[in-house]
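A.B. asks: Line by line, the protein sequences give chains A and B. Here numbering that gives the first Met the number 0 is used: position 265 in the first sequence is 264, and no number is missing along the way. Here numbering that gives the first Met the number 0 is used: position 151 in the second sequence is 150, and no number is missing along the way.
None of these hints come from the bench; they were simulated from the model. Take these hints with a grain of salt, some might be off.
Computed beta-carbon distance windows for the label pairs [to be verified]:
| id | chain 1 | residue 1 | chain 2 | residue 2 | range |
| --- | --- | --- | --- | --- | --- |
| 1 | A | Glu288 | B | Gly60 | 42 to 52 Å |
| 2 | B | Asp87 | A | Glu2 | 39 to 49 Å |
| 3 | B | Leu367 | A | Asp87 | 27 to 37 Å |
| 4 | A | Leu250 | B | Asn355 | 35 to 45 Å |
| 5 | A | Glu2 | B | Gln59 | 32 to 42 Å |
| 6 | B | Tyr91 | A | His358 | 43 to 53 Å |
| 7 | A | Leu56 | B | Asn355 | 53 to 63 Å |
| 8 | A | Asp87 | B | Thr274 | 37 to 47 Å |
| 9 | B | Leu56 | A | Ala208 | 53 to 63 Å |
| 10 | B | Asp204 | A | Glu352 | 41 to 51 Å |
| 11 | A | Thr380 | B | Ala130 | 44 to 54 Å |
| 12 | B | Asp211 | A | Glu288 | 44 to 54 Å |
| 13 | B | Gln264 | A | Gly60 | 46 to 56 Å |
Since this is a predicted model, take the numbers as computed values, not measurements. For glycine and all other residues, C-beta sits at the position ideal for the given N, C-alpha and C.
There are 2 protein chains.
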Amino acid sequence: MQEISGGIGNVPGFKSAGISCGIKKNGKKDLALIYSEKPAAAAGIFTTSRVKAAPVLYCQGILPSKQIHVVLINSGNANACTGKQGMDNILYLTEVLAGHLKVSDKTVLMCSTGVIGAPLPVDKIETAIPALLQNLKSGDNPAPAEAIITTDLTIKQAAVRLNIQGREITIGGMAKGSGMICPNMATMLAFVATDAQIKTGVMQDALQAAADKSFNRITVDGDMSTNDTLLLLANGASQVTLSPADPDWPLFCAGLDLVCERLAQLIIRDGEGATKVIEIRVEQAASREGALRIAYQIANSNLVKTALFAADANWGRIMGAAGAANVDFDQHKVDLWIGEILLVENGVGRGKEVENQVHEILKKADVLIRVVLHQGDKQATVWGNDLSYDYVRINVDYRS
Amino acid sequence: MQEISGGIGNVPGFKSAGISCGIKKNGKKDLALIYSEKPAAAAGIFTTSRVKAAPVLYCQGILPSKQIHVVLINSGNANACTGKQGMDNILYLTEVLAGHLKVSDKTVLMCSTGVIGAPLPVDKIETAIPALLQNLKSGDNPAPAEAIITTDLTIKQAAVRLNIQGREITIGGMAKGSGMICPNMATMLAFVATDAQIKTGVMQDALQAAADKSFNRITVDGDMSTNDTLLLLANGASQVTLSPADPDWPLFCAGLDLVCERLAQLIIRDGEGATKVIEIRVEQAASREGALRIAYQIANSNLVKTALFAADANWGRIMGAAGAANVDFDQHKVDLWIGEILLVENGVGRGKEVENQVHEILKKADVLIRVVLHQGDKQATVWGNDLSYDYVRINVDYRS
């Protein structure tokens with residue numbers, strides 16, 4: 000397995016485009032297209048919020064499918080909480096796009112991200128579709144990755160190449176997301192494509208497993224969005240057919256996992272106003288679920304996040320958050336490590352000198368926190384951010 | 000029932016004191032005492048965190064009791080995550096205090112709040128005990144309420160007078176807390192006293208009911224602390240004995256509820272860096288528990304809180320938070336009211352003009368958000384705050 004530069008455009012048989020259609024007031028790109036001439040099998044994972052955007056409901060109605068030709072994506076407008084009109088707008092736009100491409104409506108997916116509650120500017124998108132199609136190109140193309148971002152500071156792409164059955168296959172993807180990333184991929188869009196051929200049912204399982212190890216383990220502020228979507232498209236252009244019975248199946252899954260992990264890491268590194276990436280590992284727990292709950296409670300604690308922003312070795316807040324997770328453990332057995340330093344032993348701090356050492360470690364951009372419960376053999380890891388003045392600034396300014 | 004000024008000192012038969020013993024570096028008061036010559040029945044409610052401070056474990060070991068003479072409280076040091084030494088320090092100090100007062104050790108309670116993990120400065124407290132006892136006085140006394148606060152901007156007291164069985168009885172209390180107040184009274188200490196005589200078992204139920212309507216309905220940042228404690232002391236000095244069989248019992252409970260509500264409101268109004276108090280009422284829900292979960296999800300959403308700080312009528316974030324609460328409802332039936340204005344009808348926003356009206360309402364210090372689910376007849380209310388730059392500043396600076 001080899002990581003390569005680029006993203007979804009680098010997958011053979013897929014074309015991509017990204018342009019500005021005028022939804023974003025600043026004139027930045029806001030409309031993207033992924034296109035496969037050969038119909039692709041497609042699977043999706045969506046927000047579990049009870050308030051789902053129209054494009055989520057639309058895609059859920061179509062997927063899984065063996066016949067997807069195209070995914071239309073806009074940023075700047077979430078088309079969420081837009082009622083019947085929101086769905087009608089999707090039906091209209093997907094029909095227009097299908098007409099241009101001379102494919103069936105049901106082969107067209109649409110995803111949106113941006114402000115909730117504003118009507119989708121259908122005219123702007125419809126007017127831009129011919130130009131969008133003209134911009135479609137094969138190969139390396141950062142334009143669609145640019146067109147799907149909102150408050151993100153960077154575009155997010157990842158790709159790998161695998162050698163399977165003597166042939167080369169590629170898995171490539173792009174994502175957007177920087178705030179609201181927890182625990183179920185909130186305000187995140189991610190698109191992964193491959194030129195392998197895979198059955199839709201199997202694809203769904205592989206995608207869920209990859210998401211559980213990547214997008215579902217990152218948290219910026221504990222919220223979950225109306226629009227979260229992760230799509231996997233497989234068009235079979237490599238003429239390599241894969242199934243779990245295949246000896247190379249684990250290699251394919253490892254490639255899919257890696258692309259999802261890379262994209263998730265790019266999202267967490269771009270967390271709104273974040274200055275640090277925090278990896279929280281809860282070890283020797285009685286259950287994996289309990290470990291995960293404790294890790295999330297720590298990662299989402301504003302008190303922990305502000306202390307980390309200040310590089311303050313205020314381990315009491317970490318212990319406090321762990322205790323608040325509603326998971327049984329013995330506080331007198333807990334060890335807490337920051338990087339290579341044991342900061343708390345058997346639930347008791349190791350003193351000012353150790354705290355000063357940890358203060359130096361906490362100044363770095365990457366921090367590993369390990370909470371060892373000495374209770375069992377299960378563990379869980381999540382990634383989070385610190386909470387800075389800029390987090391407040393970005394989220395105060397978002398609509399203005 | 001009549002609200003009166005003052006707090007715990009105004010309850011007949013109780014004396015109180017508050018002084019500085021040097022735990023707080025700035026020389027502010029940090030040691031308080033509540034004393035009843037007549038032994039008081041006492042009940043307590045404590046943090047449900049799995050990481051409990053030594054004073055919580057200590058008080059839980061003694062309560063309920065019919066024989067409490069004195070509560071010693073320090074601020075500036077939580078005596079949490081301090082291991083065996085933490086408990087030994089309490090046993091030593093309560094013995095010293097009991098010796099001075101010539102009462103049994105088991106009649107002395109101790110509570111702490113402040114930084115987690117630092118050893119309790121036993122010498123400073125022991126040295127100050129004679130001065131503390133000399134300061135004990137009957138009647139109106141803000142000194143103990145000052146001595147228990149940490150990052151609070153104001154002291155918090157409340158009291159009511161009731162006419163029962165032709166006699167006057169008083170219920171008075173004091174509290175501290177401004178951050179970390181959710182959902183189980185995090186980083187909150189509250190002490191309520193009455194001169195009624197009540198059985199301990201009955202007291203526990205009445206206190207739990209009052210807490211569920213007050214301290215357990217406020218949230219500042221979703222964290223829960225190691226030290227949360229609510230104590231009720233009843234010394235019977237009024238010679239009025241009360242039980243649930245008594246026709247005046249509901250009046251007593253209403254008085255207790257009111258004192259707890261007033262104290263809880265003072266805490267939420269003092270939320271760290273908060274500029275607004277937000278009341279979130281979820282109505283016409285299928286279950287009270289579901290309504291409560293949705294209300295908390297909204298109240299604890301950093302995205303909602305930053306929008307409210309900006310007075311931004313960004314109702315999409317409120318809808319998004321409601322949807323993320325993992326409670327079933329139909330998004331197309333939801334109405335959202337801000338104050339007297341219907342902002343979202345059947346899940347869809349009512350337009351820019353309405354948003355502009357709401358923007359004006361959101362500039363006020365008190366905001367009522369009503370989420371009407373049209374699903375059933377249950378409801379729940381919680382109180383929260385906005386999230387300001389100052390929240391980050393206060394929590395970044397806390398230990399420096």
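A.B. asks: Take the hints in turn and mark each one as holding or not.
C.D. replies: We went through each hint and held it up to the structure:
1. Distance hint check for glutamate 288 of chain A and glycine 60 of chain B: the Cβ-Cβ separation is about 31 Å, which falls outside the suggested range of 42 to 52 Å.
2. Between aspartate 87 of chain B and glutamate 2 of chain A the C-beta distance comes to about 56 Å, which lies outside the given range of 39 to 49 Å.
3. Range check, leucine 367 of chain B to aspartate 87 of chain A: Cβ separation about 34 Å, and the 27 to 37 Å hint holds.
4. Checked against the given bound of 35 to 45 Å, the beta carbons of leucine 250 of chain A and asparagine 355 of chain B, roughly 57 Å apart, lie outside it.
5. Under the hint 32 to 42 Å, the C-beta atoms of glutamate 2 of chain A and glutamine 59 of chain B, about 55 Å apart, miss the expected range.
6. Checked against the given bound of 43 to 53 Å, the beta carbons of tyrosine 91 of chain B and histidine 358 of chain A, roughly 32 Å apart, lie outside it.
7. A hinted range of 53 to 63 Å is violated for the C-beta pair leucine 56 of chain A and asparagine 355 of chain B, which are about 30 Å apart.
8. Between aspartate 87 of chain A and threonine 274 of chain B the C-beta distance comes to about 40 Å, which sits within the given range of 37 to 47 Å.
9. For the hinted restraint 53 to 63 Å between leucine 56 of chain B and alanine 208 of chain A, the CB-CB distance of approximately 43 Å leaves it violated.
10. Between aspartate 204 of chain B and glutamate 352 of chain A the CB atoms are about 49 Å apart, so this pair conforms to the stated range of 41 to 51 Å.
11. Checked against the given bound of 44 to 54 Å, the beta carbons of threonine 380 of chain A and alanine 130 of chain B, roughly 51 Å apart, stay inside it.
12. The hinted window of 44 to 54 Å between aspartate 211 of chain B and glutamate 288 of chain A is violated, with their beta carbons roughly 28 Å apart.
13. Remark: the range hint 46 to 56 Å for glutamine 264 of chain B to glycine 60 of chain A is upheld by a beta-carbon distance near 47 Å.
The structure is inconsistent with the numbered hints 1, 2, 4, 5, 6, 7, 9 and 12, although it conforms to all the rest.
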